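*Asks:* Here the structure of chain S is known, so what remains is to put chain D in place on it, guided by the hints.
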Amino acid sequence: MKGDTYWAWSSDPAAVDRGECGGAVTSLLKFALESGQADAVLTVKARDGNRYDGIPVLITDPEEVAATAGALHCVSANIARCLKEFLDGASDLKIAVTCKPCDAKAIIELAKRTQINLDNLLLIGLNCTGTMRPVTAQRMMEEEFGVDPLDVVSEDIEDGKLKIRLGDGTEKERDLAELEAKELGRRENCRRCDLNIPTMADIACGKWGAEDRKATFVEVCSERGSEFIDRAVEGEQIKVEQPSAEAQESRRAKDRAATELARQWQEKDFAQFHGMDIEERFAYWFGPSGQFSQCIKCFGCRDACPICYCKDCYLEADRGRVPGGEIPPDVMFPMIRTAHVMDSCVNCGQCQDACPMEIPLARLIFMLNRELAQIFKYEPGMDVNARPPLRTVTDKELSLSGVELVL
Amino acid sequence: MNLQYVPTICPYCGCGCGMYLVLKDGRIVGAEPWKEHPVNEGTNCPKGKNAYKFLYSEDRLQKPLIRENGTFREASWEEALSLVAEKLTGVPPESFGALASGKTTNEEGYLLQKFARVIMGTNNVEYCARFCHSATVAGLLPTVGSGVMETSQVDIEQADCIVIAGVNIKETFPMIARRVLRARRKGATVIVIDPRRTTTASYLADIHLQLQAGTDVALINGMMSAILAEGLENKEFIEKRTAGFDELRAALSAASPEQAAEITGVAAEKIREAAIAYAKAEKGCILYDEGITQHTTGSDNVTALADLALLTGHIGKPGTGVNPMRGQINGEGTGDMGCLNVFYPGFKRVGPESAEFFQNAWGVEHLPTEPGFTYMDIINKCRVIYLVGTNPVMAAPDSTNVKRALDNLDFFVVQDIFLTETAEHADVVLPSACWVEREGIHAWVDRRVQKVNKVIDPPGEAMPDWWIICRLAEKMGYKEKFNYASAAEILEEIRSCVPQYKGITYERLEKKAGGIHWPCPSEDHPGTPTMFVQAFGTPDKLGHFQAVEYKPPAELPDADYPDILTTGRSLFHYHTGTMTRRIDTLNSEVPEAYVEINPEDALRLGIKSGRRITLETRRGRIEVTAKVTERVSQGSIFVPFHFSESCANILTNPALDPKCKMPEFKVCAVKEEV
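Chain order of the listed sequences is S and D.
Using the numbering used here, count along the first sequence one by one with no gaps and you end on 407.
Using the numbering used here, count along the second sequence one by one with no gaps and you end on 674.
Since the hints were made in silico from the structure, they are not lab data.
Computed from a predicted structure; not experimentally measured.
Treat each hint with caution, since some may be false.
Stated by the list, open to error - Simulated crosslink set (PhoX-like; lysine-lysine; CA at most 25 Å straight-line):
id	chain 1	residue 1	chain 2	residue 2
1	S	Lys207	S	Lys172
2	D	Lys186	S	Lys182
3	S	Lys311	D	Lys186
Stated by the list, open to error - Chain D is faced by these chain S residues, among others (derived, beta-carbon under 8 Å):
id	residue
4	Gln294
5	Ile296
6	Lys297
7	Gly300
8	Glu316
9	Gly320
10	Gly325
11	Ile327
12	Val331
13	Asp353
14	Met357
Using N, Cα and C, we set each Cβ at its ideal position, and we do this for glycine too.
Isolated chain D (complex conformation):
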């Protein structure tokens, strides 16, 4: 009998927790603590502990599928790949779109964008980050020069004031909650900004600013005005390292905690108290996620937070910063690899210069120089889509129209591990290997690059995504440009053209539990846990204040739809539920969809917990079980988006932030029917 404890990193969220997989005669039979891992030190959340179980799920995709006469039939790789190659050949650049994955490796994301740019001649390549941190890029690039997490998560415990804005970290980033708890036990003040009284607000917060949904800019402007009124802005920092302060001060002259209180519904004294606590801190840390970004004013929300950090100088030191929290295992990495309509790999902006750089790097000509479509435009305007490891039918707003658009495509290829709600609409489905069924690197939330090793074989004929893309490229006549015998060879190419990754090798990663933070420009460079220590990423190296004004959400309650709908997540399930809803323990905890509804609203409707009710917005209707709770305020409801039978995104509003095309997942008008 052969027993092995093999280390790996959890496949779910952005924390990047280590664990041991226990193998008995080659089969994974359990997950055990890996105590040396610096992020989680031998602890895991319920999802991580049970993660390996989905690998052996009976309904894993094992063979390619081709749609024929309305149903799928199995096919050989040869037949399926030939069909796809045939259908993709000759498709004009503007008609093709690639949708990449927040879960595939860097090597795989890199190949998919290369495929789209070299073979299909288009910059129509996007991934789920459009729906989570496109607002971050729009908000942080002009202000601090880079849209990445600025501190290592491990250093968060050094902060003495932590602002948690629009993120329920107890449920969505448990290991970061661990760090915040440590800080709190040492006396740190924790401020939570969230319209919901989440677990994080209830059990981590000293001050909960429970604002009206979508009023974050007003709140933060109010906080900044309070800081200025007290003279608590960091004058030295502002002087030495920023520009634009006078304009900000002028723009905030009409702002005040009282004015913010009117808009947000949060008491002025509380706003003031929170602002002063943050300003007076030695090390203030802002953590933010979807509650800030997923709005039509998402980029403004982020900008306001950046202003707040620059105003107080809480940036550029370990445990500080204005920190976006990308939630997927490769939410950061797939973007690093250029799966974005306006960025080539390494965040080289799409344009003639970057095209030339990669023409040299890849030995090709005529790379596209115009920005491509963003995610929703790819879905609505392209004719042919190649989609890998993502589930827009469940994750994109206005699901009904997403399905319509996908059914309208001339040809739709989906590459995934299960027949997801999106794959159901495909013409061809290709079975992927995932997680520990292949090797590769990912970049977790704090730019932490770690390696996942192959531990078991994929089921049936499923193959790694990088292999599939290479075979497809080969069939389309591009063998020499996609001639990789292994993921390792792809990483070598990445290192040669993505300077932030130049110093990162498999060898270095194997030796270091916890990985290496990029930028890592050379093999003897230790990596960069803290950003902006000396300089910002802007052309003049300074942080730039940018004043923003409060604008309300696109769709607020009215007579027909009197309540506010917010969507989000639960600890026990992950995003569209593809993996977690196939796991017994997790399903046992949360077996079905629910809507959180305030006791007063429940009373008005005459319902108790457990009652099935219907929710309707201008986009559609769903039926879901009520959960009466004080977590949502009167007039607001909350639905997690994990459940396909009560798909929250049937209801959500596809209205977009004009600056970054981020949909307003967090606010729309809804009515309940009993």
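Bound-form chain S, shown alone:
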């Protein structure tokens, strides 16, 4: 049932051994394929074993799942985009998708916009307290840990520390806050992300609450998730146990701590703007020496964004809205994009990762989203049935002076 929790581990002792947390997710993915509940698994793999180079992979052979096991902290592949753009939004393929909270939120927002068929998806949520940009991570490994980045076999973010393990078993750790004060450590959007457990997926899997067991703590988040776990247990793919009350509390406590830290980062990230008046803010972003004056119209942000899905994008030169061929583009370019997506920004940070000129896009758009979230009481990415503010304009609102709906 929704809300049920388990300690889970693979029924295959070899998988338990190999897996960081008992191989449960690996076994569940294999089971999804073998039982026909999924035609394919969409997950992220370290290309050629390189932990800094994560690519989405579509797996149809259960034997290939094991190679994707293990949390990769130095990659942030755009899973939702892959689903939407390259897999037809799962329109005719049943897919089991591993997703961090941001991936899951993005998928749900796309489902609301009929770009992804949620009915065909089994969302295997993965707890996440953040990932790192690969080039930054490599530099950090060299400069702060004094190791060859390629020697690292696993990373972990736990209790305010970034811990790494090398191939020879050596473990090292550094204080996360110290690293992040130097702009090393997690991606900017990850630091301020206050959603660590993806309860909007079908199940949410993670280490919190597993204590010292070689097990994964699984929370059932939907009826589909519930059936899936029941079948996996019946089919003896995974073994489960009831987690202790202490484990439950420990998990809740860690979640609270991580969320609190994230809220502090949100305040920090947005503080500089809350101190500006409207003219200063406008100049900072859209003025002649503003952030957007550096834009080179690569459309990387628009391509990466899960909220952007229009086949005939309003920003393109042939729509006549933004004059073509101008660098930087007319102020309408960033303004329109911001206006179109800000009610639903899920803080995935893919836009900011994609910007050649390092414009802090996610900082702007998510800041605006937080303000809108309060006004409209709308949390993006949580409930596929909750409709975004831009789509729930009422007649009363339209009749307010100064309010227009332009299609």
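*Replies:* Positioned in the frame of chain S, the structure of chain D alone reads:
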């Protein structure tokens, strides 16, 4: 269904950005960020993001073509290659010319020069670098001993003063603009030297020295005199690592920012301010490109910049240097491979010694020992030309005469991916595979060697350039000297005779995102991001000051042609437009040619943006749409050279820098007619 994310490197400019190509059941359906790549970290410019689309363009050349009765007909490889072999056999060395490509792989460039030297017996082999950095070679070889970019582009962000001379990096090297922006956000001072108020000048510069076109030597001499006047020259560096300082000082004794101001039109205080900022910096970095080189005084312009760097000691450390920016995917590499009239592979100067070295390396005799023709002489003086992947009808100066010369050839072979404006003049056209349709290595702007892997098959019967050259060599009786089963085998040969590449292997390149900077003398050598750390490439290891004097451009405005024409590029298109003008999104942004014209001049002519006007120089006329903008100063106009229907090079002046045969693309006299 099969979904794959395959990494590759962008086919356009010298930055060398990584990206993933997404393949669905073997067909490329998109490009996605490759976040681990050190150059661009998962970001791309508009050209890169859309690059893969041209691969599937319907008008890709798919079969060989032979000209018959004034038109092309399709032919088999057998027929076409036999015809070419027949026509090339017996052509005297001085009558044959090979024009190589800035876009083919190193392996392919290497084979083309080998073909010209071994089979045709000539050093008449050149490529587009004549038109972009021949001035660099002439300017940097005597001063610092090597004409290459001196810092890794990644390290530019460490500089605290960056001088951007004659290059609109926001539009032509976006990833280097990224590094400059990083430096600037950390407090670096950015100085832009450009007669145009480009996007780079407007949005990256702290100081814009908006000089009169072609007055760079005067400006830089003025800057150096200001540095000397303040005693800010780097005395220790000059003492330990240079020669010729006293002569430079003497030559500059009459120079001053005030004198420079008179010639350049830039205020003396601004010149002084810029000079002092650069001299006082911890790490000063000079980036320069066509705005400096494409002049009849291009080599002097480069020399002056080298003097400036040596004067201040901003050279030999990461993030410093006097840095030429070769713009093509293989602008550096094709030169490394010896596609130059005066260099064998690895920059061994043409002469008896180098000929002997390669005779041993290649197992041949009688390699040519005299320098060959430069590019324009190949076009005008050879009888038979074999041209691969380049488009002089659009890219060489005085296009009308280029076409005339090509039509006058006894035989003209063009090997390319589309029927370009140049291919239209060929007798035989051979269809090439390109980019991810074959494997090979390239050397990007900062000597960064990376590998491009084969991801899809070429269209129709198109074949890799290296295969075509081998088949041709075979037909001409040279099978054993061109006996390669793969590009990998060609690289092995390159490694054995080009010491700078000795340590570079496919295996090493596959393992390292971002590649390896040459020189890389051995397989355990990490590569060389920064040049001249201990010593310069000159015979005595010292940097040599060389004083140069300002000389005006060859053709300045007069009563008949009262304005200055400058040519250049736009972010959205690439060079002669062969690839980018076949891509919907890019065409949507910039669908047609334009001329930038100052509002005062527009007023005088009585025109607004959008009006078609005619531009005329002593070489010819074109019609083009006006774009009224403050980016050009009064009395100057700017036309990008991407558009065949308004070909900028119909107008340009073929006058050459005598020291390096570089045409003066950047300055000539023009008049506008309404």
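*Asks:* Now look at each hint and say whether the structure bears it out.
*Replies:* Evaluated hints:
The hinted pair formed by Lys207(S) and Lys172(S) meets the criterion: a straight-line CA distance of about 19 Å does not exceed 25 Å. Taking the CA atoms of Lys186(D) and Lys182(S), the gap is near 13 Å; set against the 25 Å cutoff, the hint holds. Using a Cα cut-off of 25 Å, the hinted pair Lys311(S) and Lys186(D) is violated, with the two alpha carbons roughly 39 Å apart. Of the supplied interface hints, the one on Gln294(S) holds, with its beta-carbon coming within about 6 Å of a beta-carbon of chain D, less than 8 Å.
Interface restraint check for Ile296(S): the shortest CB-CB distance to chain D comes to about 6 Å, inside 8 Å, so the restraint holds. The beta carbon of Lys297(S) is positioned within 8 Å of a beta carbon in chain D (closest approach about 6 Å), and the interface hint is therefore held. At about 6 Å, the closest approach between the beta carbon of Gly300(S) and any beta carbon in chain D falls short of 8 Å, and the interface hint on this residue holds. The beta carbon of Glu316(S) comes within 6 Å of a beta carbon in chain D, closer than 8 Å, and the hint placing it at the interface holds.
Checking Gly320(S) against chain D: minimum C-beta separation of about 11 Å lies over 8 Å; hint violated. Taking 8 Å as the C-beta cut-off, the interface hint given for Gly325(S) holds, the closest approach to chain D being about 4 Å. The criterion of a C-beta within 8 Å of any C-beta in chain D is met by Ile327(S), whose closest approach is roughly 5 Å, and the hint holds. Interface restraint check for Val331(S): the shortest CB-CB distance to chain D comes to about 14 Å, outside 8 Å, so the restraint is violated.
For Asp353(S), the interface hint holds, since its Cβ comes within 8 Å of a Cβ in chain D; the closest pair sits about 5 Å apart. Of the supplied interface hints, the one on Met357(S) holds, with its beta-carbon coming within about 6 Å of a beta-carbon of chain D, less than 8 Å.
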